[in-house]
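Enquirer: Assemble chain B onto chain A, guided by the hints.
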Amino acid sequence: MLDNNRTHPVITIVFILSSLACLIPFWLILMVSLSGQNALAKYGYSFWPRQFDLVAYRFLAHDAEPILRSFGVSIVVTAIGTVLSLLITSALAYSLSRHDFPYRGAISLFVLVTMLFGGGLLPWYLVYTKFLHLQNTLLALIVPGLLGAFNVFIMRTYFTTSIPPSLIDSAQIDGASEYRTYFNVILPLSLPVLATIGLFTIVGYWNDWFTSLVFISSDKLYNLQYFLYNTLMNAQYLQTVADKAHIDTSSMQVQPLEELRMAMAIIAVLPVALVFPFLQKYFVKGLTIGAVKG
Amino acid sequence: MATGKQTTIALEKGWGSKAGRNPLRKLWKYRALWILALPGMLLLLVNNYLPMFGIFLAFKDLNFAKGIWGSAWNGLDNFKFMFTTNDIWYTIGHTIGYNLVFLVVNTVLSVLAALLLNEVKNRAMSKFYQSTMLLPHFISMVVVAYLVFGFLNPDLGFINKSVLEPLGREGISWYMEPQYWPSILTVVNIWKSVGFGSIIYLATIVGIDKEYYEAAMLDGAGKWKQMTKITLPFLVPVIIILTLLAIGRIFSADFGLFYQVTMNSGMLKSTTEVIDTYVYNALLVSGDTNLASAAGLLQSVVGFVLIVSVNWIVKRISSDKGLF
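Taken in sequence, the protein lines are chains A and B.
Numbering-wise (the numbering used here), the first sequence opens with residue 1 and increments by one.
Numbering-wise (the numbering used here), the second sequence opens with residue 1 and increments by one.
Bound conformation, chain A alone (with noise of 0.2 Å):
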């Protein structure tokens, strides 16, 4: 019989094989963006270039403005955005968690309905465009990501199961306020909702391009999403990254568009790939409790 504290040869492999998976396209494009340009446009992309060359990387400092615009435009949103998120999702869900709150019932149906029905694209688009003006604004990428249903239904539940209401009680036969008891009762002792909660909106908000799409067509505002899409849809950036570095254009020297598109992809990566490991348990914590409830 196997030893029962190996794990079988064949499960490890079959593992290996899938981490491999994973990774494998990730170390494909970082080494697209290393290649050396004649290189790559006789050899193609491969795991393994025939010429190491950082011109990419060169060529993307040169040129840095717009990409250090649009990284800033994200990370202003992602901050800003989970901050209120957190805030006006907690304190939705707290009310609801008051069992003496006397209308609670029918507040936990009208967030219920907005998971069960919504009216559609085209009449969303409107709401922002025609009704509140949003378009080309900062607050179009921050607002639409704010409050999701589910979570004030996550949140609540843990406010009435993790939080004894003798707490609440005692707070006010103290003399806290309402906003007292949340803002230093209820919130510190949420800390592992409000962490979950807090870095799946962090993840929603810093990988969003669809607001960007649907709402932005000033490029001051594309954030890092939606700059990397419109650079991969068209080559109009690189292009004038590599105009501007005054490649030699007479001689038969190719410009180096796709190593630069690659280099676009693996700075974007890189903020994700730094930080996942240190957050990747909490990931996995958040993950079960916000999949299996009960």
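Derived from the structure by calculation, the hints contain no laboratory data.
Any given hint could turn out to be false.
Said to hold, decoys possible - Here are the computed lysine to aspartate or glutamate pairs in the EDC-like style, where the Cα-Cα straight-line distance is at most 20 Å:
#, chain 1, residue 1, chain 2, residue 2
1, B, K121, B, E214
2, B, K121, B, D209
3, B, K210, B, E119
4, B, K223, B, E119
5, B, K223, B, E211
6, B, K223, B, D209
7, B, K80, B, D61
8, B, K66, B, D77
9, B, K229, B, D219
10, B, K66, B, D87
11, B, K161, B, E177
12, A, K42, B, E165
13, A, K220, A, D53
14, B, K29, A, D174
15, B, K26, A, E178
16, B, K80, B, D288
17, B, K66, B, E211
18, A, K42, A, D53
19, B, K225, B, E119
20, A, K42, B, D155
21, B, K29, A, D100
22, B, K26, A, D100
23, A, K130, B, D61
24, A, K42, B, D288
25, B, K29, A, E178
26, A, K130, B, D288
27, B, K269, B, D288
28, B, K229, B, E119
29, B, K229, B, E214
30, B, K26, A, E65
31, B, K269, B, D77
32, B, K29, A, D169
Expert: Relative to chain A, chain B alone:
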């Protein structure tokens, strides 16, 4: 007599108490909780409820020059037109087809991965596998489109240039040949979601009481018996719930996958168009608001009916597992 009876009822309901004497007083007493709830409710009102009232646009001939109110009603004409086009039928077919394939493949692979992960004895390695397999879940679809493009770029991509060319085969113009895309999109979907799914199932497996396994081992049950007789039966309720929830969403697709990864290529539509991309393209690319609103309403209504009926089924199976 009559007044006496009323008083008893009133007392029983607590109407005599100080806070409840007057509904306005009750409202005032809880004003702080109202104020805390208000910002969230306002957001839902604007982001979710106002668009709901916009569904009537599906019955109008929307003309921005005349405005929303000035546009003429045209009854069911938008729907009649939509259903006479061929696109809508294959679009609906794709949406359901892809969702069903994704559901089956993802469930099988996620459960399998979770069962195997549970057999990994080295905790550090198990964490490592989980991390790498979860990573794709946190990458935006835009970056996923870049990764896929790295393999499928017709001129320089890895598959054409480093696989097909050395084999002496002609390169494929991937973004123009629709027949490959059902498989490509399925692979991308697996890559992006199996790690996430397996962790959800793993959480259930880890929660199973160890005593079941100890008892089974005493009775001489091997690994296979333990897996099929203990672990799987514990997973079945979770599988059922997640499957039913996925069926409730069968009329909507992962817009990012179908829009970004295909680069919204018009050449691929015959196998990649789903309702979400159909509505988007009708609205923001061809500007056909009538088609967009009709398809959008169809999607909302069918989605609503599916979610409510699925919830009803879930509750019949296990009363505490319902979505609401």
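Enquirer: Now tell me, hint by hint, if it's right for this structure.
Expert: Status of each hint after checking the structure:
For the hint linking K121 of chain B to E214 of chain B, the alpha-carbon distance of about 17 Å falls within 20 Å, and the restraint holds. This hinted pair checks out: K121 of chain B and D209 of chain B have alpha carbons roughly 18 Å apart, not beyond 20 Å. At most 20 Å may separate the alpha-carbon atoms for a hinted pair to count; K210 of chain B and E119 of chain B meet this at roughly 14 Å. Distance hint between K223 of chain B and E119 of chain B is fulfilled; the C-alpha atoms sit about 10 Å from each other, no more than 20 Å.
Between K223 of chain B and E211 of chain B, the direct Cα distance comes to roughly 15 Å. Compliance with the 20 Å bound is thereby established for this hinted pair. Of the supplied pair hints, the one linking K223 of chain B and D209 of chain B holds, its CA atoms being roughly 16 Å apart against a limit of 20 Å. Taking the CA atoms of K80 of chain B and D61 of chain B, the gap is near 13 Å; set against the 20 Å cutoff, the hint holds. At roughly 19 Å between alpha-carbon atoms, K66 of chain B and D77 of chain B fall within 20 Å of each other, so this suggested pair holds.
Taken as a hint, the K229 of chain B and D219 of chain B pair is honoured in the structure, with Cα atoms around 13 Å apart against an allowance of 20 Å. For the given pair, K66 of chain B sits about 29 Å from D87 of chain B by alpha-carbon distance, which is inconsistent with the 20 Å threshold. Using a Cα cut-off of 20 Å, the hinted pair K161 of chain B and E177 of chain B holds, with the two alpha carbons roughly 17 Å apart. Between K42 of chain A and E165 of chain B the alpha-carbon distance is near 12 Å, which keeps this suggested pair within the 20 Å criterion.
With a C-alpha separation of about 31 Å, the suggested pair K220 of chain A and D53 of chain A falls outside the 20 Å cut-off, and the hint is violated. Note on K29 of chain B and D174 of chain A: the hinted pairing holds, with a Cα-Cα distance of about 18 Å set against a maximum of 20 Å. At roughly 15 Å between alpha-carbon atoms, K26 of chain B and E178 of chain A fall within 20 Å of each other, so this suggested pair holds. Using a Cα cut-off of 20 Å, the hinted pair K80 of chain B and D288 of chain B holds, with the two alpha carbons roughly 15 Å apart.
Note on K66 of chain B and E211 of chain B: the hinted pairing is violated, with a Cα-Cα distance of about 71 Å set against a maximum of 20 Å. In summary, the hint linking K42 of chain A to D53 of chain A is supported, as the alpha carbons are separated by about 15 Å, within the 20 Å threshold. Our distance criterion of 20 Å between C-alpha atoms is met by K225 of chain B and E119 of chain B, whose separation comes to about 14 Å. The straight-line distance between the Cα atoms of K42 of chain A and D155 of chain B is roughly 10 Å, inside the 20 Å bound, and the hint therefore holds.
Distance restraint check for K29 of chain B and D100 of chain A: the Cα-Cα separation of roughly 11 Å lies within the 20 Å cut-off, and the hinted pair is therefore satisfied. Distance restraint check for K26 of chain B and D100 of chain A: the Cα-Cα separation of roughly 11 Å lies within the 20 Å cut-off, and the hinted pair is therefore satisfied. Straight-line distance between C-alpha atoms of K130 of chain A and D61 of chain B comes to about 17 Å, which keeps the hinted pair within the 20 Å bound. Between K42 of chain A and D288 of chain B the alpha-carbon distance is near 44 Å, which puts this suggested pair outside the 20 Å criterion.
For the suggested pair K29 of chain B and E178 of chain A, the alpha carbons sit about 11 Å apart, so the restraint of at most 20 Å is met. A hinted pair counts as satisfied when its Cα atoms are at most 20 Å apart, and K130 of chain A with D288 of chain B qualifies at roughly 17 Å. Restraint check for K269 of chain B and D288 of chain B: the C-alpha separation of about 17 Å stays at or below 20 Å, so the hint holds. A distance of roughly 16 Å separates the Cα atoms of K229 of chain B and E119 of chain B; the hinted pair therefore holds under the 20 Å criterion.
Between K229 of chain B and E214 of chain B the alpha-carbon distance is near 13 Å, which keeps this suggested pair within the 20 Å criterion. Only pairs whose Cα atoms come within 20 Å are accepted, and K26 of chain B paired with E65 of chain A is rejected, the gap being roughly 57 Å. Restraint check for K269 of chain B and D77 of chain B: the C-alpha separation of about 25 Å exceeds 20 Å, so the hint is violated. Among the hinted pairs, K29 of chain B with D169 of chain A is consistent with the structure: their alpha-carbon atoms are about 15 Å apart, no more than 20 Å.
Checked against the numbered hints above, the structure breaks hints 10, 13, 17, 24, 30 and 31 and satisfies the rest.
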